[in-house]
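Novice: Here the working numbering = 1-based position in the sequence shown + 515.
Any given hint might turn out to be false.
Unchecked claim - With a cut-off of at most 25 angstroms between alpha-carbon atoms, the simulated DSS-like pairs for lysine-lysine come out as follows:
{"#": "1", "residue 1": "Lys612", "residue 2": "Lys632"}
{"#": "2", "residue 1": "Lys633", "residue 2": "Lys612"}
{"#": "3", "residue 1": "Lys871", "residue 2": "Lys847"}
Said to hold, decoys possible - Each pair of labels, with its calculated beta carbon distance range:
{"#": "4", "residue 1": "Lys612", "residue 2": "Arg588", "range": "22 to 32 angstroms"}
{"#": "5", "residue 1": "Ala737", "residue 2": "Ala846", "range": "32 to 42 angstroms"}
{"#": "6", "residue 1": "Thr823", "residue 2": "Val844", "range": "38 to 48 angstroms"}
{"#": "7", "residue 1": "Gly882", "residue 2": "Val590", "range": "51 to 61 angstroms"}
{"#": "8", "residue 1": "Ser629", "residue 2": "Met795", "range": "33 to 43 angstroms"}
{"#": "9", "residue 1": "Lys612", "residue 2": "Pro675", "range": "19 to 29 angstroms"}
{"#": "10", "residue 1": "Ser729", "residue 2": "Gln780", "range": "34 to 44 angstroms"}
{"#": "11", "residue 1": "Thr625", "residue 2": "Pro827", "range": "44 to 54 angstroms"}
{"#": "12", "residue 1": "Pro827", "residue 2": "Arg588", "range": "51 to 61 angstroms"}
{"#": "13", "residue 1": "Ala846", "residue 2": "Arg777", "range": "42 to 52 angstroms"}
{"#": "14", "residue 1": "Asp881", "residue 2": "Pro766", "range": "25 to 35 angstroms"}
{"#": "15", "residue 1": "Gln619", "residue 2": "Met795", "range": "26 to 36 angstroms"}
{"#": "16", "residue 1": "Glu804", "residue 2": "Ser729", "range": "28 to 38 angstroms"}
No lab work stands behind these hints: they were computed from the structure.
Quick reminder that beta carbons are idealized off the backbone N, C-alpha and C, glycines included.
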Amino acid sequence: MTRARILQEVRQMRFEELYARRQQRIFTMAEAAEMLGVTERTFRRTFRRWSGRYDVEGAEGLQDRRLGRPSGRAVPVDEALRMVTLYETRYTGWTVKHFHERWQQEHGGTRSYSWTKKTLQAAGHVARAPRRGAHRKKRPRKPLPGMMLHQDGSTHEWVPGCQWDLIVTLDDATSELYSAFFVEEEGTLSSLRGLQEVMETQGLFSSLYTDRGSHYWHTDEAGGHVDKSRPTQVHRALQQLGVTLIPAYSPEARGRSERAFRTLQDRLPNELALAGITEMAAANRYLTEQFLPQYNDRFMVRATEPGTAFIPWVGTPLAEILCVQEERVVAKDNTVRYQGTILQIPQDPHRFHYVKATVRVHAYPDGTLAVFHGPRCLARYSAEGHLLGQPRPQLSSGGRCLTRPATRSSIVDQR
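Generate the whole structure from the sequences, applying the supplied hints.
Specialist: In structure tokens form, the structure reads like this:
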């Protein structure tokens, strides 16, 4: 029995009792109104109407005639059925908010989000959300874009059967996603790639807020405080650019990026599935060309103050800073070993060889390498160690290099 019918029966029993006593002049109008829980004015007005109906129809006259009638504002059953069928056939697993937006944009839906949610819940397609925990006060946003950015990665099954890492860099002031791409595993090079994409399109920003992952910070123990005296490659690059790196000490502290990832995990897998995308290269193109513009149009907010904190970078090419830099000593055969790859230094018209010289290897996010001696770039290499821009050395059947930039005997004579 519904609450409306229960209240109807209670009102009916009370009125019958009050009517009998009122006829016997036991109660005044004011006392009867108080017992029925209404004002005296309301009781006088309704008592006449109810009394007339009670005298003519008896107890049946006291029934609320609206009960059992369909509401004039109720949504037609066939419209609700079409909406539920659309969700079942094309958008199963989508969040209600995501589905409601797509339903209105592409299928002509006109009903409210609340009606859509209740209808899908009643049909058993969407579970009711658990009770929310205690309210936490959000940290105020930065007033200008470029004052602080967030960067984080999320491991998730973005396409069926594939666990990829999504690297995202977003603005604290506006929640705009400046960079997002998939990689096999989050690390130093993926972080540097995200920073380079932002700086090349937006400019230098003031600070970067991250977790305490090993590619951002050195920590003596898991969950401990960061050691700012031992900068990682990412930290070193940001120091060169004058950008402050800020560590977060809890997931709640990274609430802005955590909420963004929750939205991305709810929406992006469904969008990729709808587009029939299963490969990483295609997924990254879809992210850049379609998803990010739509996401920013939907979720980006206006900064509290006009202007921007981004500034243009003028100086050394960003690629030579936003890379892994490690020192090596040149071997006796004028080569450098880096991560199992042998890099042959080519002939230099200004110097016969670099044996025992300390050089610097640059490893770029795209996998290519370079060898620097001071500010001079001696050579650039593919990920396999082959010289770029020069003929590739011929290899014999034994695997030894048949062409060298300098003969062994000449190097020995020079020493």
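Novice: Taking the hints in turn, state whether each one holds.
Specialist: Outcome of the hint check:
no., hint, in the structure
1, Lys612 <-> Lys632, "holds (8 angstroms)"
2, Lys633 <-> Lys612, "holds (12 angstroms)"
3, Lys871 <-> Lys847, "holds (7 angstroms)"
4, Lys612 <-> Arg588: 22 to 32 angstroms, "holds (23 angstroms)"
5, Ala737 <-> Ala846: 32 to 42 angstroms, "holds (37 angstroms)"
6, Thr823 <-> Val844: 38 to 48 angstroms, "holds (45 angstroms)"
7, Gly882 <-> Val590: 51 to 61 angstroms, "holds (56 angstroms)"
8, Ser629 <-> Met795: 33 to 43 angstroms, "holds (38 angstroms)"
9, Lys612 <-> Pro675: 19 to 29 angstroms, "holds (23 angstroms)"
10, Ser729 <-> Gln780: 34 to 44 angstroms, "violated (23 angstroms)"
11, Thr625 <-> Pro827: 44 to 54 angstroms, "holds (47 angstroms)"
12, Pro827 <-> Arg588: 51 to 61 angstroms, "holds (57 angstroms)"
13, Ala846 <-> Arg777: 42 to 52 angstroms, "holds (51 angstroms)"
14, Asp881 <-> Pro766: 25 to 35 angstroms, "holds (32 angstroms)"
15, Gln619 <-> Met795: 26 to 36 angstroms, "holds (31 angstroms)"
16, Glu804 <-> Ser729: 28 to 38 angstroms, "holds (32 angstroms)"
Going through the hint list in order, the structure does not satisfy hint 10, though it satisfies all others.
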